[in-house]
Amino acid sequence: MNRFLIPFGVFVVVVGFLAVGLTLNPRELPSPLVGRPAPDFSLPQLHDQGKVLSSNDLKGKVWLLNFWASWCGGCKEEHPVLIHLAQSGEVPIYGMDYKDTREEALTWLRQWGNPYLVVAVDALGRVGINYGVYGVPETYVIDKAGVIRYKQIGPLREDILQEKILPLVRELQNQ
Amino acid sequence: MRWLLAVILLIPGLAVAEEAKPLADNPVAEARLKALAVELRCLVCQNQTLADSNAPLAEDLRREVREMIAKDMSDQEIIDFLVERYGDFVLYRPRWKVSTTLLWLGPFLLLIAGATALVLALRRRQKKLVDVALSEEERTRVAQLLSEGANRL
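Just so you know, the sequences run in chain order A and B.
Each residue of the first sequence is one higher than the one before, starting from 1 at the first, in the numbering used here.
Each residue of the second sequence is one higher than the one before, starting from 1 at the first, in the numbering used here.
A hint or two may mislead.
Cross-link-like lysine-lysine pairs, in silico, DSS-like; alpha carbons within 30 Å at most [said to hold, decoys possible]:
hint: 1; chain 1: B; residue 1: Lys34; chain 2: A; residue 2: Lys99
hint: 2; chain 1: A; residue 1: Lys59; chain 2: A; residue 2: Lys144
hint: 3; chain 1: A; residue 1: Lys151; chain 2: A; residue 2: Lys59
hint: 4; chain 1: A; residue 1: Lys99; chain 2: B; residue 2: Lys71
hint: 5; chain 1: B; residue 1: Lys127; chain 2: A; residue 2: Lys151
The set of hints was computed from the structure by calculation and includes no laboratory data.
Please take these sequences and the hints and turn them into a complete structure.
See the structure below:
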């Protein structure tokens, strides 16, 4: 009896590990930047190229930074959620147009609507690298002191917004 | 007709061959990039190195590494730059930390466990073998069989 119990026990443990492994998403990598100051940037704005959006100007308020691009499918998917959030006025959303062309980005926003207060242009993806972006869309929650408090990898969904992001934003706004 | 053929055959001669250009302006820097890039993971196509990948992000990261090499940063500084942004996952050779202890030691632990199990199993089997004494009858039979065998040769 014993000689079957031991291999069976090992089998059960291995299956347990594999079962948990199957439910994990290998694309979701924990960001080392959560809890650290958001990298500074100073980039030209999409709509008014003469103006600059600088992360320093945003100190003192809680804001979302959303990396997106007109060529990105997931961005289209999360777009209604962003529009909805923008309409609620709960938290300002700043856009980062990641490795895109100006014309296409403007057309995209005109076509689907613009949830962003201001959109900055990261044409070469350098700011993206500083933020550890490895696939758009990615969204960061940044607090009043300019510290990254949350990173959403992949499209935002209404449930993530309601359960994670908005409670966090409210808590940070009250600090 | 024949002169036309001659003219056609001469056409390739118009292409003036040039000496092959080196792939990069600075072969030393490029060699360093190559050595670093095989140690770093492309985060988009996760099982390729930065050197293998054609993903746009990998191209950007190679550009970034190239610039850091040009700035004369050490390999460690460049790796730290990437780990700071993308985490340890960017490294193909995980760092020795508390959380990676099992990863590094696991194979050796498994080897030791396997070897111990093997030794124990062999010893147990050894104990099961009991020396059996042959009876007189069996001895004669053995002698008979052996001599028969010897005769047959």
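Hint-by-hint comparison with the structure:
1. The hinted pair formed by B/Lys34 and A/Lys99 meets the criterion: a straight-line CA distance of about 25 Å does not exceed 30 Å.
2. As the CA atoms of A/Lys59 and A/Lys144 are separated by approximately 6 Å, the hinted pair is consistent with the 30 Å bound.
3. Our distance criterion of 30 Å between C-alpha atoms is met by A/Lys151 and A/Lys59, whose separation comes to about 18 Å.
4. For the hint pairing A/Lys99 with B/Lys71, the CA-to-CA distance comes to about 24 Å; that is within 30 Å, so the pair holds.
5. The hinted pair formed by B/Lys127 and A/Lys151 fails the criterion: a straight-line CA distance of about 62 Å is larger than 30 Å.
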